[in-house]
Each structure stands twice: as C-alpha cells, then as structure tokens.
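J.: Here is what each chain is made of, one letter per residue.
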Amino acid sequence: MFLRNYKTVIFIVALLAIALILLSYNLKHETGTGLVKKIVLEVAAPVHKILSLSVKSVSDTWLRYIFLVGLEQDNRDLKKKINELKAEFILYQEGYLEAQRLKKLLSLRDNYDYNFISARVIGREPAALSRTIMINKGTAHGLKMGMPVIAPPGLVGRLTDVSWHSSKVLLFIDESSNIDVILQRTRTQGIIRGAGSRGCILKYISKTQDVREGEVIVSSGIGGVFPKGLLVGVISRVDRQDAGLFLKINITPFVDFSKLEEVLVLTAQEEEN
Amino acid sequence: MIYYLLLPFLSILLVVLQASIADILFSGRLILEISLIVVIYAGFRLDLIKGLTLAFILGFVYDCLAGSVLGLFTFIYMVIFLCSFFVSIRLSTEKLYFIALFSLICSFLEEILVILFYNLAYGLDIVKKTPLIFPLQAVLISLLAVLFFYLMRRTEGFLYGKAFQSTERARTGRLSAEA
Chain W
1 MFLRNYKTVI
11 FIVALLAIAL
21 ILLSYNLKHE
31 TGTGLVKKIV
41 LEVAAPVHKI
51 LSLSVKSVSD
61 TWLRYIFLVG
71 LEQDNRDLKK
81 KINELKAEFI
91 LYQEGYLEAQ
101 RLKKLLSLRD
111 NYDYNFISAR
121 VIGREPAALS
131 RTIMINKGTA
141 HGLKMGMPVI
151 APPGLVGRLT
161 DVSWHSSKVL
171 LFIDESSNID
181 VILQRTRTQG
191 IIRGAGSRGC
201 ILKYISKTQD
211 VREGEVIVSS
221 GIGGVFPKGL
231 LVGVISRVDR
241 QDAGLFLKIN
251 ITPFVDFSKL
261 EEVLVLTAQE
271 EEN
Chain Y
1 MIYYLLLPFL
11 SILLVVLQAS
21 IADILFSGRL
31 ILEISLIVVI
41 YAGFRLDLIK
51 GLTLAFILGF
61 VYDCLAGSVL
71 GLFTFIYMVI
81 FLCSFFVSIR
91 LSTEKLYFIA
101 LFSLICSFLE
111 EILVILFYNL
121 AYGLDIVKKT
131 PLIFPLQAVL
141 ISLLAVLFFY
151 LMRRTEGFLY
161 GKAFQSTERA
171 RTGRLSAEA
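Line by line, the protein sequences are chains W and Y. With the numbering used here applied, the first sequence corresponds to residues 1 to 273, in that order. With the numbering used here applied, the second sequence corresponds to residues 1 to 179, in that order.
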C-alpha cells in the first residue's frame with residue numbers, strides 16, 4: 001500500500017540516489033571506462049562517424065561552392081602573383097641564357113692566344129646593302145679599325161668604323177668582304193667572298209683539287225687581318241661547272257649571324273703585350 | 001515501451017549531434033547544450049516518470065561522451081528536470097519570454113553546480129580560467145530554447161492538429177503516480 005502511494009516519489013529518490021552513488025563512486029575510485037560507458041561509446045562511435053562525414057561533406061560543399069566570399073579577390077591576387085613570377089622567371093631564364101653565351105665566349109677566349117674585348121651587339125643594319133652590326137665598344141675601350149671579331153664558334157667579321165663608344169662590324173658574309181682561307185683537310189688555299197643571305201662563296205679553288213661537301217674552312221692568317229686557324233664555315237655545295245678553271249663552292253658560316261648578342265674583338269696577340 | 005527502448009539511442013544521437021554542431025560553429029570554444037533544453041522541455045511537457053528517465057539517460061550519455069565524472073550530469077539533469085516539472089505545475093510555461101528566462105536560470109544553475117563540484121572535488125577554479133564562457137553559454141541556451149520550443153510547438157500542431165497539452169498533470173501540486 002505504501003509502495004503504491006509513493007511509487008513516483010520512490011522512483012525519483014531511487015534515480016537521484018543512483019546518480020549520487022555513481023558520482024561519488026567514480027569520484028572516489030576513478031574507475032575509468034566501465035562496461036556501460038564502453039557500450040555507450042561503442043554505440044556512439046558509428047553515429048559520430050556518420051555525422052562527422054555528413055557534416056564534413058556539407059561543410060566542404062559550403063566552402064567550395066557556396067561560401068565563395070573573397071575568392072574573386074584571391075583569384076586576382078594569385079593571377080597577379082603568377083604574372084610577377086612569370087616576369088621573374090623570364091628574367092632568370094634570360095640571365096641563364098646570357099651566362100651560357102658568355103661561357104661559350106670564354107671558352108673561345110681560352111682557345112686563342114689573343115687579348116679580347118667583349119662587346120654587346122646593340123644594332124643590326126637592316127638594309128640589304130651591307131651586312132654589318134653595331135657593338136657597344138669603341139676607341140675608348142681600345143678598339144681600332146680592322147680588328148677581327150669572333151663569336152662562338154668562329155669568325156664574325158672585322159671592325160670597319162670605330163667611334164669612341166661604339167663600332168661597326170662588317171660581317172664576312174657582306175659582299176664586299178674577302179678573307180683568305182684554307183681548307184682544313186687538304187690545306188688548299190682560297191678566298192671567301194660574302195654572298196649576303198646565301199652565306200659565302202669560296203673562290204679560286206682549282207677543279208683539280210679534292211674538295212668535298214662538309215669540309216671545314218679556317219682562316220689562313222695571310223693578309224694579317226685575321227689570325228690563322230679561326231673557324232669560318234663549312235662547305236655546303238661543290239659545283240664542278242663545265243666552263244671556267246675553278247670550282248664553285250658554297251660555304252655555310254659557322255656563326256648564326258641572326259642570333260648574335262655578344263662578340264669578342266681580338267685586340268692583340270698576348271705575346272706582344 | 002518503445003519510448004524507453006529508443007531513449008538511449010536517441011540520447012546518444014542527440015549528444016553526438018550537438019557536439020558536432022558545436023564543433024562546426026564554435027570550434028570547441030562553446031558547448032551547444034541542446035540536451036539541457038530537451039530536459040527543460042521534458043520538464044514542461046512530459047510526465048514525471050518518463051521525463052525523469054529521459055533526464056537520467058540523457059545525463060548519463062552526456063557524462064559518458066563528454067568525459068565528465070560519471071554521474072555528474074546525470075544528477076544535474078535530473079535536478080533541472082525536477083525544477084522544470086514543478087515550475088510547470090505552478091506557472092504558465094507557454095510564453096516564450098518565460099521559456100527564455102527559465103532556460104537562462106537553468107543554464108546558470110547547471111553551471112553553478114558544475115563549478116561547485118569541480119571546486120569541492122578537485123579544488124579547481126574553472127571560472128577563473130574562462131570567465132566569459134559561462135554567461136555566454138547561458139544566453140545561447142536561452143535563445144536556443146525559445147527556438148526549440150517554438151519549433152516543437154509547430155511540430156505538435158502539425159502532428160496533433162493543435163498544440164499538445166500535458167493537462168494530465170493537474171495543476172494541483174500533487175504528483176501523478178502514473179507511469
């Protein structure tokens with residue numbers, strides 16, 4: 001009878017007592033993970049996992065597709081940064097290429113016993129009348145008219161006009177240019193004459209001579225303008241024409257004149273200094 | 001019976017859900033205690049046996065998952081449930097401002113009990129470390145409680161055609177013995 005009347009009160013007191021006993025017991029004994037707690041954690045783990053996954057996917061969607069505030073500004077900033085980096089990269093690339101060219105120039109310098117003055121190409125003669133280039137060195141740097149000019153891998157031409165701080169180089173492909181040369185293999189002597197865009201023509205080689213395509217031609221040193229042994233070009237075509245005493249030989253220069261950026265001017269032989 | 005069978009699972013779901021939401025919104029700085037609001041709601045709406053069981057299980061699950069001392073929130077939730085229950089017998093609990101105020105008081109009560117417990121049991125002064133968290137959390141709970149009660153009222157209206165009344169709890173001050 002008593003239990004029936006006070007069923008609810010007993011229930012309240014019992015639950016409160018359980019909670020308090022649980023609390024005091026755990027406080028005193030530090031039981032760690034009990035069985036019930038383990039079960040709760042086991043059940044909660046998959047729920048937590050599923051919720052985390054769904055929440056993460058929603059949050060990812062929100063951040064990637066909906067919450068795009070500031071993205072345009074970021075995009076602009078990044079594009080600006082890319083352009084800056086591109087400019088910087090081009091600058092470095094240019095520096096690298098220049099270093100490569102200068103390295104080649106230096107290696108050429110080691111091959112000859114001459115004093116050199118390096119110069120930068122500052123202009124090209126656009127007209128077809130003459131094949132010349134302008135360099136940024138002149139008499140102030142010790143240059144004189146007639147000095148030979150080289151660039152990897154060989155001869156370029158000679159100085160024709162020299163001012164204080166710039167000079168004009170007549171390329172040996174100019175039609176007014178004549179250089180005394182020899183064929184490296186047979187040591188046969190001839191004269192190279194410029195032929196403009198077609199390169200050069202080797203003259204005065206007798207038909208009786210053994211001349212082959214691909215043969216290397218070097219300067220002979222005769223005439224005193226160009227030192228002996230400078231690479232000039234390679235025979236690209238040998239024409240044994242019927243009329244005349246000599247062969248008609250076309251030469252392709254070693255140097256690519258369209259890509260000249262730095263050159264060396266041979267000032268004097270080292271022994272002389 | 002199904003209520004008692006589902007209660008532990010729903011409690012786990014609720015506690016995990018509130019932890020996940022709080023983690024997203026506040027990055028673990030604040031606790032979004034929807035479980036406390038549910039206990040208050042139970043105090044206003046459910047009968048004593050059902051509500052107290054809910055408070056007990058929810059508190060126990062909260063203890064297990066939140067990492068507090070086992071039994072602490074079980075006890076606190078039951079106390080809050082009983083407070084809500086007795087208040088709902090004496091006062092009208094339909095007004096939203098009353099719900100907000102009562103939730104604020106309950107939240108403060110819970111925080112005071114937690115602070116006192118940690119101070120007495122371990123000698124820790126947790127208010128000193130995070131002085132602003134507790135009032136902020138209490139305000140948050142009171143605002144959320146308003147929203148929760150409003151949504152529940154709408155749901156009840158949708159399910160039952162009109163707001164569900166726990167009028168079985170006659171306002172006589174006597175405890176019902178029904179289970």
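It is worth saying that the hints were derived from the structure and are not from the lab. Beta carbons are placed, not taken as given, at the ideal position from N, Cα and C, and that holds for glycine. A hint or two may mislead.
[Unchecked claim] Residues from chain W that face chain Y, not an exhaustive set, calculated with beta carbons under 8 Å:
no.	residue
1	Ile12
2	Val13
3	Leu16
4	His29
5	Lys37
6	Leu51
7	Leu53
8	Ser59
9	Leu63
10	Leu68
11	Gly70
12	Ser107
13	Val234
14	Ser236
J.: Using the nearest Cβ pair, does W/Val13 come within less than 8 Å of chain Y?
T.: Interface hint status for W/Val13: violated (11 Å vs cutoff 8 Å).
J.: Go through the hint on W/Ile12 and say holds or violated, using the shortest Cβ distance to chain Y against 8 Å.
T.: Interface hint status for W/Ile12: holds (6 Å vs cutoff 8 Å).
J.: Does the closest beta carbon of chain Y sit nearer than 8 Å to the beta carbon of W/Val234?
T.: 74 Å, violated
J.: Quick one, is the W/Ser59 hint okay against chain Y at 8 Å, beta carbons?
T.: This hint holds: W/Ser59 lies near chain Y, its Cβ roughly 6 Å from the closest one there, short of 8 Å.
J.: Go through the hint on W/Leu51 and say holds or violated, using the shortest Cβ distance to chain Y against 8 Å.
T.: The hint holds - W/Leu51 has a Cβ within 8 Å of chain Y, the shortest such distance being about 5 Å.
J.: Less than 8 Å between beta-carbons is the criterion; does W/Ser107 satisfy it with respect to chain Y?
T.: W/Ser107 check fails; min Cβ-Cβ to chain Y is 63 Å, beyond 8 Å.
J.: Quick one, is the W/Leu63 hint okay against chain Y at 8 Å, beta carbons?
T.: 11 Å, violated
J.: Take the shortest C-beta to C-beta distance between W/His29 and chain Y; is it under 8 Å?
T.: 10 Å, violated
J.: Let's test the interface hint: is any C-beta of chain Y closer than 8 Å to that of W/Ser236?
T.: Nearest chain Y Cβ about 76 Å off; hint violated.
J.: Report holds or violated for the interface hint on W/Lys37, using the least CB-CB distance to chain Y and a cut-off of 8 Å.
T.: 5 Å, holds
J.: Can we keep the W/Leu16 interface hint, with Cβ of chain Y closer than 8 Å?
T.: Hint holds; W/Leu16 Cβ to chain Y Cβ min 6 Å, cut 8 Å.
J.: Could you check if W/Leu53 really has its C-beta closer than 8 Å to a C-beta on chain Y?
T.: Not OK, violated: W/Leu53 not within 8 Å of chain Y, min 10 Å.
Of the hints listed earlier, those the structure fails to meet are numbers 2, 4, 7, 9, 10, 11, 12, 13, 14, in rising order.
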